[in-house]
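Protein chains in written order, with my numbering: chain U, 1 to 260; chain B, 1 to 226.
What the hints contain is simulated information worked out from the structure, not anything from laboratory work. Predicted model, so just to flag it, every value in this text is computed and none were measured. For glycine and all other residues, C-beta sits at the position ideal for the given N, C-alpha and C. Don't take each hint at face value.
Listed below are several chain U residues computed to face chain B (Cβ distance under 10 Å; list not exhaustive) [unchecked claim]:
id, residue
1, Arg9
2, Gly13
3, Ile17
4, Gly20
5, Phe23
6, Met25
7, Arg46
8, Asn49
9, Ala56
10, Asn110
11, Pro152
12, Ala170
In case you want the letters, here they are:
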Amino acid sequence: MMLEVKDIRKSFGKTEILKGIDFEMDQGEVLSIIGSSGSGKTTLLRCLNFLETPDAGRIAVNGETLFDGERPESAGAGELRRKRLHFGLVFQNFNLFPQYTALENVTLANLLLAKQQPDYKQNRRAITERIVAEAHELLRQMGLSDRESNYPHQLSGGQCQRVAIARALALKPDILCFDEPTSALDPELTGEVLRVIRGLAEQHMTMIIVTHEMAFARDVSSRVIFMDNGLVCEQGTPDQIFGHPREERTRQFLLPFIQR
Amino acid sequence: MTAEQWSIVFNALNIGFVQTLRLFFATLIGAIPLGLLIMFGRRSRFRPLSWLVQGLTWIIRGSPLMIQLLIIYYGPGLAFDWHPWGGGEAGRFSAAAAAFIINYAFYFAEIYRGGIASIPQGQEEAGLVLGMTRTQIFFRVKLLQMVKAIVPPMSNEVITLVKDTSLSRIIALQEVIWAGQKFLKGSNGIAANILPLLCTAVYYLVFNGLLTLLLGRLEKRLSYFK
Ligand SMILES: Nc1ncnc2c1ncn2[C@@H]1O[C@H](COP(=O)(O)OP(=O)(O)OP(=O)(O)O)[C@@H](O)[C@H]1O
Ligand SMILES: [Mg+2]
C-alpha cells in the first residue's frame, strides 16, 4: 500500500469540514476525487500536503507514518519539509513565481535543496547541471521547450499550468495531487493540460486528482471517490461510480453529467 | 548683488546643501532597515508587540515631524537633565538624523506591510509544498515582489523626505534653508536680500529631478515581471 489515509478530521472553528476520511492507494494508481462545492476536497489535499494540520487521523506513505493525530509530536520545520516532499501539489491558479522564468520556476526549489547535500560544495557544477538538464527534459515533456525563458505573465493559462506541473514533478514526489487543475482555464485550454496529466497516468505516476471534469475522471482514473459533506460517500472503479452508483447522493450529483 | 557676492552666496548655499544631503542619506540608510524591523513587529503573532507598534505608528504619523524634532533634541535635557546629543552642529545633526530615521521608518513600515499584503497567499503555499523554508520563501520569492510593489509609494516618500529635511531648521541645523535665511538679515558684508533664500528651491528641484529619473529607472528595471 503506497498511501494510507485513516479517519482524517479537520475543523475550522466550530465547523467540521472533514469528518473522518479513509482511503488507500497503490503505487501507480490514479485516484479522482469528485464532489460538490464545499464538500472538503481542497481541504483534504491541503492536509495531505501539510498546508493544514488535521485534528485527528493518520497519514502513511510506503509504510512510514507522516502524520498521527494520536501522537502529534511537534515535528521540527526540517522534518516537516522532508515529509512534505512525499507529495506534490498543483494548484488551481498555478501560483507560479512571477519573477522567475519557466525554467527557473522548475529549478528553484531543487537548487535550494541541493545546497543541503553534504557534497554540494565539491560537486556544485555537476549538481546544478543535472538539475537544469532535468528541468529541460520535464519542460520538453510538457511541450514547453520553446517557452523555457518566458516569464509567467507571457504564458497562457494552459502553459502556466503545465509549467506548474513540471515544477511539482521536478521534486520527484511519490504522489502528485491536483486541485482542479483546469478550472481556472478557458475551455479551449483545458485539453492541453488534461493531455499532459493523461500522459503522466500512462507513465504510472501515482496521482490524486480533484476535478469537475467528469469525462476526464472517468477516462483517466483507476479509482474514483465521491465526497459529500466531509465524508467519502462512495468509492469504486470509474465504471461503478459513473455507470452504477449505489448511493442516492452520488446519483443526484452525477445526474447533470450523465444526462449530457 | 555683484558676481563676487553671488559666489559668496552660492558657496554658503552649497555648504548648507551638503548638510541637507547628509541628513537625507542618513535617514534613508537608517529608516529603510528600521522600517523592516517595525513591520515585522507590527505583523508579530505576539499581540502586545503588534499593539505597541500600532500605538507608536499612530503617534509618529499623527504628530508633526517638527515637534518630534524638538522633543528628540530638547526632550532628554528638559526631562532628565540628560544630554545625549552633545553640543554644536554635530549634536544637532545626530538629533535630526534620529528624529528623521524614526519618523520615516514608521512610514516605510506601513508601506512594506502593504507590499507584503499584496503578495497572494498562494506564493507562500507554493514555496512550502516545494520544500522551501520560510526564510527561503521570504528572500527568494516574496522580497522582489514586495520591492516591486513598494517602489512607487517609496518614491513618493523619498521625494517628500528631500523637502522635509528643511524642517530641521527648527533646531538650527545648518542645512540649505538655514544657509539661505542668513542672508535675509544681511550677512558676510551683503545687504539684506531674499534672493538667496529663494534660490534654495532650485537645489531641491534639481536633486528631486535626479531622484525622479533614478527611481523611474528602478521601476522600469522591475517591469520585466508582473
Ligand atoms: N481556512 C479556512 N477557514 C475557514 N473555513 C474554511 C477554510 N478553508 C475552507 N473552509 C471551508 O471549508 C469548506 C470546504 O472547503 P473546501 O475548499 O475544502 O471545499 P471543496 O470541496 O474544495 O470545494 P470546491 O469544489 O468549491 O473547491 C467550505 O465551506 C469552506 O468555506
Ligand atoms: Mg476546492
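Go through the numbered hints given earlier and state which of them the structure violates, listing their numbers in rising order. Failing hints, ascending: 1, 2, 3, 4, 5, 6 and 9.
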